[in-house]
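Participant: So the chains spell out like this:
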Amino acid sequence: MKPPPFDYHAPTSVREAVEVLAEVGAHGKVLAGGQSLIPLLNMRLAAPAHLVDINRVAGLGEIQTDATGVRVGALARHAQVERSAAACLAQPLLRQALKLVAHPVIRNRGTIVGSLVHADPSAELPAVLALLGGSVRLAAATGEREVAAADFFTGPMESATRPGELAVSAFFPAWDGGTSFIEVARRHGDYAMAGVAAAVRLDDLRITAAKVVCVSVGPVPVVVEVTGECGNRPVASVDWRAVVAAVQDRIEPEADIHATADYRRHLTGVLVERALKAAADA
Amino acid sequence: MHDITLYVNGIPREVSVPARRLLSDCLRHDLGLTGTHVGCEHGVCGACTVLLDGEPVRSCLTFAVTVAGREITTVEGLATDGRPSPVQRAFAECHGLQCGFCTPGFLCTTTAFLRENPAPTEEEVLEGISGNLCRCTGYQNIIKSVHRAAELLAEEPT
Chain A
1 MKPPPFDYHA PTSVREAVEV LAEVGAHGKV LAGGQSLIPL LNMRLAAPAH LVDINRVAGL
61 GEIQTDATGV RVGALARHAQ VERSAAACLA QPLLRQALKL VAHPVIRNRG TIVGSLVHAD
121 PSAELPAVLA LLGGSVRLAA ATGEREVAAA DFFTGPMESA TRPGELAVSA FFPAWDGGTS
181 FIEVARRHGD YAMAGVAAAV RLDDLRITAA KVVCVSVGPV PVVVEVTGEC GNRPVASVDW
241 RAVVAAVQDR IEPEADIHAT ADYRRHLTGV LVERALKAAA DA
Chain B
1 MHDITLYVNG IPREVSVPAR RLLSDCLRHD LGLTGTHVGC EHGVCGACTV LLDGEPVRSC
61 LTFAVTVAGR EITTVEGLAT DGRPSPVQRA FAECHGLQCG FCTPGFLCTT TAFLRENPAP
121 TEEEVLEGIS GNLCRCTGYQ NIIKSVHRAA ELLAEEPT
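Those protein sequence lines, which keep their order, are chains A and B. Each residue of the first sequence is one higher than the last, beginning at 1 in the UniProt record's numbering. Each residue of the second sequence is one higher than the last, beginning at 1 in the UniProt record's numbering.
There's no promise every hint is true.
Label pairs and their computed distance ranges (CB to CB) [stated by the list, open to error]:
#: 1; chain 1: B; residue 1: A92; chain 2: A; residue 2: E19; range: 50 to 58 Å
#: 2; chain 1: A; residue 1: G218; chain 2: B; residue 2: E124; range: 51 to 59 Å
#: 3; chain 1: A; residue 1: H27; chain 2: B; residue 2: G10; range: 36 to 44 Å
#: 4; chain 1: B; residue 1: Q98; chain 2: A; residue 2: E146; range: 52 to 60 Å
#: 5; chain 1: A; residue 1: D203; chain 2: B; residue 2: Q98; range: 17 to 25 Å
#: 6; chain 1: B; residue 1: E93; chain 2: A; residue 2: E16; range: 47 to 55 Å
#: 7; chain 1: A; residue 1: H258; chain 2: B; residue 2: E14; range: 39 to 47 Å
#: 8; chain 1: B; residue 1: N117; chain 2: A; residue 2: G133; range: 29 to 37 Å
#: 9; chain 1: A; residue 1: T142; chain 2: B; residue 2: Q98; range: 54 to 62 Å
#: 10; chain 1: B; residue 1: E156; chain 2: A; residue 2: P234; range: 52 to 60 Å
#: 11; chain 1: B; residue 1: A92; chain 2: A; residue 2: R241; range: 33 to 41 Å
#: 12; chain 1: A; residue 1: R187; chain 2: B; residue 2: G10; range: 30 to 38 Å
#: 13; chain 1: A; residue 1: G59; chain 2: B; residue 2: E76; range: 29 to 37 Å
#: 14; chain 1: A; residue 1: A261; chain 2: B; residue 2: H2; range: 55 to 63 Å
Keep in mind that the hints were calculated from the coordinates and are not lab data. Only a predicted model underlies this, so the values are computations on that prediction, with no experimental measurement involved. By construction, the Cβ of each residue, glycine as well, lies at the ideal position given by its N, Cα and C atoms.
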């Protein structure tokens with residue numbers, strides 16, 4: 001189908017963009033890569049009266065990397081970050097996750113910050129931001145604020161972004177340890193039936209910090225700290241059943257056409273162990 | 001209505017479109033370039049894939065107004081002086097198509113894919129074309145076509 005009609009705005013600066021967004025309020029929607037929004041428009045699941053196209057806004061495509069992490073501008077495409085050696089060295093989990101995001105052609109247009117604001121609980125990038133404890137910078141006509149990942153994802157397809165606000169960048173902190181992202185989907189590039197990203201830190205082969213985030217098993221990405229369960233032991237002597245049980249206690253999978261709730265719970269358990277071992281190996 | 005210029009297959013095309021006009025519809029309906037096919041219109045099938053400044057994108061998930069002033073290559077722009085491109089010749093040679101509906105998308109995707117990765121492994125080919133669906137071929141001949149296209153491109157004088 002075709003998108004419903006809307007008034008089109010093409011600002012060229014952040015200031016101009018937030019002024020338009022303030023004016024149109026809850027009737028406005030931001031268009032960046034459009035790889036989630038345009039399908040919703042085409043299927044008439046969304047019908048905003050105003051579309052604010054930020055593709056001409058200067059300065060939003062930047063990827064800044066330093067020892068503390070990676071800051072990604074609102075127009076940085078998935079493919080751009082995936083190809084950025086500096087960004088992926090500073091935070092390898094970005095590339096591990098991006099390889100699982102849809103298909104290469106979608107990643108040429110889709111943006112990282114757009115994925116975050118879209119806040120799909122099955123999506124990889126919100127999970128990465130949540131696991132690393134990153135943040136999103138929101139600009140409005142009245143000023144900017146930085147929202148921590150823990151407060152940013154508020155429900156399925158819901159984020160803390162208020163009407164009139166523009167997400168201008170996101171910050172993915174570095175992690176001094178190993179990471180991994182593993183998921184199971186019916187077909188490569190599809191939404192995951194279950195997926196787990198893990199971050200592990202070792203000291204002399206013993207696990208001193210471990211956490212996971214699970215996708216597709218709750219209204220928002222589910223982060224579970226499992227350092228205690230891993231018990232300061234080497235990978236080979238961890239009680240993996242206890243670790244898996246601790247995570248399975250925290251998730252709320254639902255059934256749909258692709259998988260039952262029980263199967264998602266089972267898959268998540270399997271992936272938790274695999275992802276933590278892979279992160280410890282990384 | 002918005003007056004925009006698109007550089008389609010090297011030719012500046014001026015067109016007046018409503019903001020909601022998808023690039024796929026702009027190419028087909030406004031510019032008469034019906035080589036770009038429209039399958040699912042929500043980014044799943046890949047039939048509408050065109051090159052935007054050389055990079056493959058879904059034209060059904062792009063508004064024409066967003067890409068005003070940019071260069072678009074469609075399947076009509078792959079041949080040179082009436083001679084099919086190496087990718088097109090490889091698809092013909094290896095029977096990489098049957099009904100032909102998905103073919104423009106595969107040709108554009110493969111053209112960009114081989115430019116970035118001129119000697120792909122089997123796995124890289126699978127990943128490269130994973131975003132395009134074909135209901136006829138069962139993909140085996142398409143995979144062969146991509147490998148053959150890589151050979152033909154390597155033989156091309158640069």
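Participant: Against each hint, give a clear statement of whether it holds in the structure.
Facilitator: Structure-based check of all given hints:
Checked against the hint of 50 to 58 Å, the pair A92 of chain B and E19 of chain A passes, with Cβ atoms roughly 54 Å apart. With their beta carbons about 34 Å apart, G218 of chain A and E124 of chain B fall outside the hinted range of 51 to 59 Å. Between H27 of chain A and G10 of chain B the CB atoms are about 40 Å apart, so this pair conforms to the stated range of 36 to 44 Å. A hinted range of 52 to 60 Å for the beta carbons of Q98 of chain B and E146 of chain A is consistent with their spacing of about 54 Å.
Against the hinted window of 17 to 25 Å, the Cβ-Cβ separation of D203 of chain A and Q98 of chain B comes to about 59 Å, which falls outside the hint. A beta carbon spacing of about 52 Å between E93 of chain B and E16 of chain A agrees with the range 47 to 55 Å that was offered as a hint. With their beta carbons about 46 Å apart, H258 of chain A and E14 of chain B fall inside the hinted range of 39 to 47 Å. A hinted range of 29 to 37 Å for the beta carbons of N117 of chain B and G133 of chain A is consistent with their spacing of about 35 Å.
Against the hinted window of 54 to 62 Å, the Cβ-Cβ separation of T142 of chain A and Q98 of chain B comes to about 58 Å, which satisfies the hint. At about 55 Å, the beta-carbon gap between E156 of chain B and P234 of chain A stays in the expected band of 52 to 60 Å. The hint said 33 to 41 Å for the Cβ distance between A92 of chain B and R241 of chain A, and at roughly 57 Å that hint is violated. Between R187 of chain A and G10 of chain B the CB atoms are about 36 Å apart, so this pair conforms to the stated range of 30 to 38 Å.
Look at G59 of chain A against E76 of chain B: about 36 Å separates their beta carbons, and that is inside 29 to 37 Å. Checked against the hint of 55 to 63 Å, the C-beta distance between A261 of chain A and H2 of chain B comes to roughly 47 Å, which is inconsistent with it.
Consistency with the previously given hints fails for numbers 2, 5, 11 and 14, ordered from lowest to highest.
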